[in-house]
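K.L.:
Spelled out from the first residue to the last, the chains are:
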Amino acid sequence: MTRLSKENHTQILLIVGLLSWLVPGAGYFVLEEKKRAIIIFVTICLTLCIGLYIGSIGVIDLQGQSPPYVKAAQLMNSPVVLLLANRTAGGGYPVYGWPNEIGQIYTMVAGLLNLLCVINAVSLAHLGKTAPAGD
Amino acid sequence: MSVMDFLVIATFTAPEHIYPNPQAMLWLLPLTATIAIVYKATKLPTITLDLFLKEAAILFGSIVGFIIITASVLYALAWLISA
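Just so you know, the sequences run in chain order B and H. Residue numbering for the first sequence follows the numbering used here, starting at 1 and increasing by one per position. Residue numbering for the second sequence follows the numbering used here, starting at 1001 and increasing by one per position.
Because the hints were derived from the structure by calculation, they are not lab data. A portion of the hints provided could be inaccurate.
[As the list claims (entries may be wrong)] Below 30 Å or equal to it, Euclidean Cα-Cα: the simulated DSSO-like pairs (lysine-lysine) are:
#, chain 1, residue 1, chain 2, residue 2
1, H, 1043, B, 35
2, B, 71, H, 1043
3, B, 35, H, 1054
4, B, 34, B, 6
5, H, 1054, B, 34
6, B, 6, B, 35
Take these sequences, add in the hints, and give me the full structure.
P.N.:
Here it is in structure tokens:
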């Protein structure tokens, strides 16, 4: 019985983590934290879109010359980044200079904030709390 | 695909023209707001509109204030060294 509940607990943590990565804020949504989920979804999606607007989808360059930390941070956004990377793989959307840098910074920060939300949602699910302890 | 869809997608396929001038530094403001909003959304025990806006605004102001102070100190140092 204990082993079964432990397995269920691990499954719930995995589901919350995976959902949080698939759709920003979805992990909070399944934890009944709807306001938090909406705020996070809107903010992270908007930041990613601003980054893509400034630098174009060319800033997502997973198979190109971008440093590994840029690619890793961008991947934290959601699987949408993988679809965009597939689209930009041939180098058909070149972007240089400040638009590239600012676009990369925005998409990276959106990804890193989503990573923070994934970790926080999994932590909340693990502790069984419905609200964080505050700062 | 409608013309509207095409226009929306087209805005994401060509980069904006941003030049390395002091005004380009203003692009940090939306990013700072994003960080403040998401951080406070993860940290506040309960989210109410007025409390959330207040806390996020305080954090946003703190980050921008610290950046301005740091920039001022670095500018003063650069001025002293080059004078």
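K.L.:
None of the hints should be skipped; say for each whether it holds.
P.N.:
We went through each hint and held it up to the structure:
no. : hint          : in the structure
1   : H:1043 x B:35 : 13 Å, holds
2   : B:71 x H:1043 : 27 Å, holds
3   : B:35 x H:1054 : 16 Å, holds
4   : B:34 x B:6    : 26 Å, holds
5   : H:1054 x B:34 : 20 Å, holds
6   : B:6 x B:35    : 29 Å, holds
Violated hints are absent here; each numbered hint is respected by the structure.
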